[in-house]
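**Q** For any residue, its number in this note's numbering is found by taking its place in the sequence shown, counting from 1, and adding 1067.
Heads up, some of the hints might be wrong.
Listed below are the simulated DSS-like cross-link pairs for lysine-lysine, each with C-alpha atoms no more than 27 Å apart in a straight line [said to hold, decoys possible]: (1) Lys1145 - Lys1319; (2) Lys1569 - Lys1549; (3) Lys1569 - Lys1513; (4) Lys1569 - Lys1319; (5) Lys1513 - Lys1547; (6) Lys1569 - Lys1145; (7) Lys1549 - Lys1513; (8) Lys1547 - Lys1569; (9) Lys1145 - Lys1430.
Calculated from the structure, these hints are not laboratory results.
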Amino acid sequence: MTNNTINAPDLPRRSPWLPTIGLSLWLIFILALSLSQWRLVMINADGDPSLHWRIGQWMIEHRAVIHADVFSHTRPGKTVVTMEWLTEVAFAAAGNALGWNGIVLLAAAFIATSLWILYRQLLSEGNDVLLSIGLTLLAATTCSMHWLARPHVVSFALLTFWAWQLRAFEQGRLSTRRLFVVLVPLTALWVNLHAGFLTGLMLIGVHFVGAGTELLTQDAAQRTTTRGRMAVFMLLGASCLVASLANPNGWKLHAYILDFLQYPKLVGLVNEFRSPDFHSNSTRGFLVMLLALAFTLVVARPRLSRTEILLVGWAGCFALRWARNLPIFAIVVTPILAQHLTLWLQGPRDSGLLMWYRRICNKVSEINRRADGRCLVGIVLVMLLLVVAKPRVVGGEPILATELLTNRFPVAAVQFLQQPPPPVHGEMFNDYGWGGYLMLALPAHKVFVDGRNDFYGSELIQDFDTVNRAHPGWDDVLQKYKVGWTILPRAHPLNQLLALRKDWSLSYTDDVAAIYSHRPE
């Protein structure tokens, strides 16, 4: 029986200045992402951070969820199905308060929290502390290819917690009541934060199917228990599905997402919806995790449950299909690896290396039990906020400047377009990757296209592709949409064609962008 009457003197004295390993990991990740050059990667990888800031800004200004497009001239007034409106509002609020520093800090907090949750899960399941640290860092490396200042970072944290709760229930460490009390309301929140809630629903389905396969080899008594577990998963899935209707678009959101995934032309425009490139440095963490999985299966030879086999297969197929699903693989597979590697390391073998490993684990665990460190973490966070918020607090030049790169986006070209009198007339044709930036930096002009390829649809994307690739009929498309000027990368092939046309003239150029204007005959 557990003794719940331990006297305070018997407990190890906790140090307020020595943070626990979990808090240390959280703090290291948030500082590294916010203060290193990675903060520039988070906002410069594409134009979507600008896009989400602009949309969230509009909703803050109008105090309403956006339902009709006001940013493009190609789809004016078309119905907008919002998939992450609440996160966009949060990012816009952070951006309005602290500029890009605020958006980076918020994204870093979500990323660090997801890894902290994963580490806490590994420890709660009785895994060795050193192994938990190592696998958390490996998961971080696998997820890092998708560490961007965009709403999907919220799904990292929510999915990690979600998978933890389902696994805890599967292992009998979480009650049915607790499972419903936690996950059903969480669904209602998640559906307004990001479309990743569908992954959570799919995860419930995998657990349901896993339980169903166990019936094939069980006796009558075991089948009764398993059927009860299946009933819980079925009712939980139905309840979470109903809860997911609590969004501004109701069931139309679900239909919208599923419809978008049916069009390869739209999905293929986004690099992260392509299969992972194993020649890229960004997939090295995934490769190492696959090697760790292979090592576990071959050397440790674990007895995986049917649910674990399905989880590994499901997450693996998703990751190999779309690179954006690599974090899902890390979140789902890491606890499975940790459990079976811990059992292997704690086996009856007494080699010198294993004994040394166990001694180190015991020493680190003892130090961790004496740590608290919340005071130190609080002080560091206050200092971090002062660094990123200095200009707003005391004025002067920022201690840490975080801005869009002028060699990545047409910053100078936008400054040219903002000068009076207006140097261009008519509608814009823009580079796809610059659409979000132009929405934010040039609100007086509406874009031709931006990163919302799901919104624009296959017909418009086909028209855009015709012009972007300078295919026959490109000039008809520009006339169709009344395009009066273009803003494209300097070496874009369309610029070479426009330079040969008498009815087009070069209005501006620099090392990044060129602007051509149409001259009516």
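**Q** Looking back at the hints listed earlier, which ones does the structure fail to meet?
**A** 4, 6 and 9
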